[in-house]
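A.B. asks: Residues per chain, in single letters:
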Amino acid sequence: MEVLERIKSINPRIIYVLILVVIAIPLIKPFGLPMMVMQPSKDFYDVVESLKPGARVMISWDYGAGSDVELDPIAKSLLIHLVKKGAKIYATSSIPDGPMFAERSLKVLESLNQQYGSDYVNLGFFAGGESGIAAWAENFESVFRTDWRKTPAAQIPMMEGIKSAKDFDLIVTLNTGPGGYGTPDVWVRQIYVAKNVPLAMGVTAIMGPQTMPYLQSHQIAGLLVGLRSAAEYEALLRAPGIATAQMDAQSAAHTVILILIILGNLGHLADKKHRRKTSK
Amino acid sequence: MSTSFDTWVAALITLAMFSLAIYKENPVYRLAEHAFIGIGAGHAIVTGVQVIQTSGINPLLKNAEYRLLIPMFFGILLFARYSKSYAYLSRLSMSLIVATGAGLGLRGAVQAQFLNQISATFLPLNSINNILIVVGFVTGLTYFIFSTRYTRYLNGKLSVVPRIGRCFLMIAFGASFGNASMGFLSMLIGRVLFLVRDWLGLSSLR
Chain A
1 MEVLERIKSI NPRIIYVLIL VVIAIPLIKP FGLPMMVMQP SKDFYDVVES
51 LKPGARVMIS WDYGAGSDVE LDPIAKSLLI HLVKKGAKIY ATSSIPDGPM
101 FAERSLKVLE SLNQQYGSDY VNLGFFAGGE SGIAAWAENF ESVFRTDWRK
151 TPAAQIPMME GIKSAKDFDL IVTLNTGPGG YGTPDVWVRQ IYVAKNVPLA
201 MGVTAIMGPQ TMPYLQSHQI AGLLVGLRSA AEYEALLRAP GIATAQMDAQ
251 SAAHTVILIL IILGNLGHLA DKKHRRKTSK
Chain B
1001 MSTSFDTWVA ALITLAMFSL AIYKENPVYR LAEHAFIGIG AGHAIVTGVQ
1051 VIQTSGINPL LKNAEYRLLI PMFFGILLFA RYSKSYAYLS RLSMSLIVAT
1101 GAGLGLRGAV QAQFLNQISA TFLPLNSINN ILIVVGFVTG LTYFIFSTRY
1151 TRYLNGKLSV VPRIGRCFLM IAFGASFGNA SMGFLSMLIG RVLFLVRDWL
1201 GLSSLR
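Here the protein sequences line up with chains A and B, keeping their order.
Number 249 in this note's numbering belongs to position 249 of the first sequence; there are no gaps in the numbering.
Number 1105 in this note's numbering belongs to position 105 of the second sequence; there are no gaps in the numbering.
Next up, chain A with everything else stripped away, as it sits in the complex (with noise of 0.2 Å):
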């Protein structure tokens, strides 16, 4: 009974430290926990898998630092299974941010030997969030002059063809939620009912049940979200890899908190009992 009082009144501290180790452990060791694959999972990697080769496909990288290690997993996956279904990737940001992690994810395409510029291209922010988006998915020309690395548009033998958001097969949103200038619900209304244009997203956790309904609705062709969602898609194409061992990372994690919850309510109950006792 004392032990569990003493638990009630743990040093925090000693809680944080507690979970930096249990989550260290996985990332240096990875234990590969099983995992069930779910639907919006599924959805997403049909979508992708019934793009034909020269499929053009966008890819909005709209976040920044804080969601990266949520939706870097995502792109990674992605990219790889678009290269293996021998699409054209144009990458994008409606957030300043964005292009940077675009280009830090676009690396894994030089590794599969695909060409910047008739392969893949980064076209870099486009300002004005859901004006932006309107305005591109119009007149491609009239924002992607140049793309990030000041490339002009005409210069670029991919972009050849693209004259609004209808010639693309497939637009795909990573995004961020509210903090972005580009929120789910804006690409929905500017892309899905406004231009009909098929439209994916990879969210972070945390915006997971406002962007479900969009699914449900049939107005997003496929969802992933967050680091759980990045694992599943590594566990679809048969490469479990750095989104599988963070879900590792997380298990342990939120074992070791529910474990400390049970306790910590177990302490609450006994010193209830305890000062029942005391006051009789």
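Mixed in with the good hints, there may be bad ones.
[As the list claims (entries may be wrong)] Straight-line distance between alpha carbons at most 27 Å, and here's what the computed BS3-like set of lysine-lysine pairs gives:
id: 1; chain 1: A; residue 1: K107; chain 2: A; residue 2: K52
id: 2; chain 1: A; residue 1: K163; chain 2: A; residue 2: K85
id: 3; chain 1: B; residue 1: K1062; chain 2: A; residue 2: K150
id: 4; chain 1: B; residue 1: K1062; chain 2: A; residue 2: K163
id: 5; chain 1: A; residue 1: K195; chain 2: A; residue 2: K163
id: 6; chain 1: A; residue 1: K84; chain 2: A; residue 2: K52
id: 7; chain 1: B; residue 1: K1024; chain 2: A; residue 2: K8
id: 8; chain 1: A; residue 1: K52; chain 2: A; residue 2: K166
id: 9; chain 1: A; residue 1: K150; chain 2: A; residue 2: K163
[Claimed, not checked] Stretch by stretch, here's where chain A covers chain B in the computed footprint (C-beta under 8 Å, at least three residues):
id: 10; segment: 1051-1060
id: 11; segment: 1103-1114
id: 12; segment: 1117-1128
id: 13; segment: 1179-1188
[Claimed, not checked] If you want a taste of the chain B side facing chain A, the calculated C-beta under 7 Å gives, among others:
id: 14; residue: T1100
id: 15; residue: S1176
id: 16; residue: V1192
Think of the hints as simulated: they come from the structure by calculation, not from any bench.
For glycine and all other residues, C-beta sits at the position ideal for the given N, C-alpha and C.
Starting from the known structure of chain A, fit chain B onto it as the hints suggest.
C.D. replies: Then chain B, alone, in the frame of chain A:
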């Protein structure tokens, strides 16, 4: 352990951020926090200037696209806010931004956020999932009807409907909270991964 100067700076800043939780608010933490905000703001300004250059100044000077002078003029008017005498001029630009935003947003919002989502709840009651969606949708909506008292109807038995709706709302909030906690843990995992992999070299994950 890393020999890169950049990695060491990033690792020390990460540790400075952790010091808030492990120790207490301190000058090292505040320095790291202010540097983060300063770098973010600085980067946004540089990107903004680049966009003005590539989408505005370059086409104007190189391609003689004089129509771009109109948005540029309204953009410059925004800076009139800093003058007490001419602040009213910035309202012209602001009204243009708000009106365009509202017009564009409304065009799709009714379809995307109302009609399509309402029609997605008209489901055949042939599976548990569909029943849950329909019941949750109807009872959840009734929770927000404040124009009448349910206690008036059927001896007040109807008041059970918004109560069921409240349970669905609580489950939805619980799901949001669970996902939020998962998101925060993911951020922590990201920083720990950086420390053990990039800084200490203890992990080979790529």
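A.B. asks: Could you run down the list of hints and mark each one as holding or not?
C.D. replies: Here is what the structure says about each hint:
| no. | hint | in the structure |
| --- | --- | --- |
| 1 | A:K107 <-> A:K52 | holds, 23 Å |
| 2 | A:K163 <-> A:K85 | holds, 23 Å |
| 3 | B:K1062 <-> A:K150 | holds, 15 Å |
| 4 | B:K1062 <-> A:K163 | holds, 22 Å |
| 5 | A:K195 <-> A:K163 | holds, 13 Å |
| 6 | A:K84 <-> A:K52 | holds, 11 Å |
| 7 | B:K1024 <-> A:K8 | holds, 21 Å |
| 8 | A:K52 <-> A:K166 | holds, 16 Å |
| 9 | A:K150 <-> A:K163 | holds, 20 Å |
| 10 | 1051-1060 | holds (count 5) |
| 11 | 1103-1114 | holds (count 8) |
| 12 | 1117-1128 | holds (count 3) |
| 13 | 1179-1188 | holds (count 8) |
| 14 | T1100 | holds, 6 Å |
| 15 | S1176 | holds, 5 Å |
| 16 | V1192 | holds, 5 Å |
When each numbered hint is compared with the structure, no violation occurs for any of them.
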